[in-house]
Amino acid sequence: MCAKTLTIDGNEVSAADDATILDAATEAGIKIPTLCHLEGVYDIGACRLCLVEAVGIPKLLPACTTKVVEGMNVRTDTERIRKYRRINLELLFAERNHVCSVCVSNNHCELQTLAYNHGMDHVRYDYLFPKWAVDTTHPRYGMDHNRCILCTRCVRVCWHVEGAGTLNTAGRGARSQIIADLIQPWGEADSCTSCGKCVMACPTGALFQRGATVGEMEHDREKLEFIITAREKKQWIP
Amino acid sequence: MDPLRLATVWMGGCAGCHMSFLDLDEFLIDLAPKVELVFSPVVDAKEYPEGVDLVLIEGAVCNEEHVEMAHKIRRRTKTVVAFGDCAVTGNVTAMRNQLGLGNAENVLQRAYIELADSTGRIPKLKGIVPELLEHVMPLQEVIHVDYYLPGCPPPADRIKALVGALLAGQTPKLEGKDIKFG
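Which chain is which? The protein sequence lines are A and B, in order.
Going left to right, the first sequence walks through residues 221 to 458 as our numbering numbers them.
Going left to right, the second sequence walks through residues 428 to 609 as our numbering numbers them.
Read the hints as simulated data drawn from the structure, not as lab findings.
Nothing here was measured: the structure is a model prediction, and the numbers come from that model.
Mixed in with the good hints there might be a few duds.
As the list claims (entries may be wrong) - With a straight-line Cα cutoff of 27 Å, these simulated DSSO-like cross-link-like pairs (lysine-lysine) come out:
{"#": "1", "chain 1": "B", "residue 1": "Lys-587", "chain 2": "B", "residue 2": "Lys-600"}
{"#": "2", "chain 1": "B", "residue 1": "Lys-551", "chain 2": "B", "residue 2": "Lys-505"}
{"#": "3", "chain 1": "B", "residue 1": "Lys-473", "chain 2": "B", "residue 2": "Lys-604"}
{"#": "4", "chain 1": "A", "residue 1": "Lys-279", "chain 2": "A", "residue 2": "Lys-224"}
{"#": "5", "chain 1": "A", "residue 1": "Lys-251", "chain 2": "B", "residue 2": "Lys-461"}
{"#": "6", "chain 1": "A", "residue 1": "Lys-287", "chain 2": "A", "residue 2": "Lys-303"}
{"#": "7", "chain 1": "A", "residue 1": "Lys-251", "chain 2": "B", "residue 2": "Lys-587"}
{"#": "8", "chain 1": "A", "residue 1": "Lys-224", "chain 2": "A", "residue 2": "Lys-351"}
{"#": "9", "chain 1": "A", "residue 1": "Lys-303", "chain 2": "B", "residue 2": "Lys-461"}
{"#": "10", "chain 1": "B", "residue 1": "Lys-551", "chain 2": "B", "residue 2": "Lys-473"}
{"#": "11", "chain 1": "A", "residue 1": "Lys-303", "chain 2": "A", "residue 2": "Lys-251"}
{"#": "12", "chain 1": "A", "residue 1": "Lys-303", "chain 2": "B", "residue 2": "Lys-600"}
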C-alpha cells in the first residue's frame, strides 16, 4: 500500500492510497461536518454537508466519497463552504416538518446540533410543510417521515450490518421516502428482525423507540459502534 | 440617557416566551430603570405606539390581525426581534399548514364543533374575531426581522444576552447553543 501526501487546511497530511478526503482529515484531527456518513457502512455523499474545496477544481467535492489525490490542496472551512453548508441545512429544515420543540430527539439530534453550530438562527427559505404520515405499526419502533432527511443511514445498516434488507428508499426527489419491504406498513414487513440498528443509526427523530416522548429518545450509537468494531476488527470492546 | 422604549408583542404563540422573559428574575430590576415598557401583554396599553426602539415579537403570524399588526410594528419600530421558535420558524403554531389548503376550517371545526360539550359553534363575528390565514407564517415571511432569538422558549439567559447587548449599544451576536431551536 503506498501513501499519498496532500495538504488539508495548510497542514501536510499523508493518507492511505484508497483513503477519502474525510478519512485523511479525520486521521489528521481536522473535523469536517457530516450527516449521512456513518462509521462502519459505505458512504454515498447524499447530504452534502462535508463539501470541501480543492484548489484548481471549480466545483465543491464531498469529502466522504472523494478519494485523495497526490499533491491535492484541500480547504475544509472557507467562507464559500460555510455559506453552502448553511444553505444546505436550511433546505433540509424547509423540506420537511422539523419541529424541534416537540421532537423525541430534541437535544439529541445531529441535524439540530449542526444547525446551531453553523450559525443557523433562522431559515431563509419558505417552509414546504409537506404532509407525511407516521408509521407506528411496528411493535417496538416508529418511523416519522416528517423528520427524515433521507440520509439512508438506516437503509445501509439494515442491509450491510444487520443483513436483513428490510428498509429501502422509494420515490423521487423531495417525495422520496424510506420504505419497509414492498412499501408495506413496517409492522407487516416480514424481513425485519426488530434489531433496532436503524434507530441507533438515525441522526434525527425520524426513527424512534415507541413510548419515548419529547426529548427522551437517545440513539444508543455506542451499541452500533460496538457491533461494527466487532465485525471489522474482531474485537469485542464494550 | 433616555430609557429605551421597549415593547413585547404576543401573536400566535403559547405565551411561553413571555413566561421566559419574566424568568429573567433580578435582571428585570436592572432593566427597569433603563427601559420604558410602552406596549406588552403585561401592561395596559391598547394601541401600539409610535417611536418604539425595540420590540420582541412572540408567536407566528396566523390571522389577519397579526399581519396588520406586524406591518404597524415594523413602521413604528427601530429594531424588531423574532422572539422564540414560533416567530422564527412557525413551530407548533404552523403545524396546521401540513393539512394543506382548507386547514383553517378544519382546525376551527375540530376546536369549536367536534370538541365542544354541547352548543358548539365557530366564532366568526366580523370585525371582532380576526380571520385565520390559510397558511401560518414565521415573522420574517411578513416583515423584515433584525434579530432572531430562537428557542421554545428561549431560555432567560439567551434573552438577557440579546437584550443586554442591544441596551449596551452593541450588535448582538448569538451563536452555538444560543441559537438552538427547540
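**Message:** Flag every earlier hint the structure violates by its number, smallest first.
**Reply:** Going through the list in order, the structure violates hints 2, 3, 5, 7, 8, 9 and respects the others.
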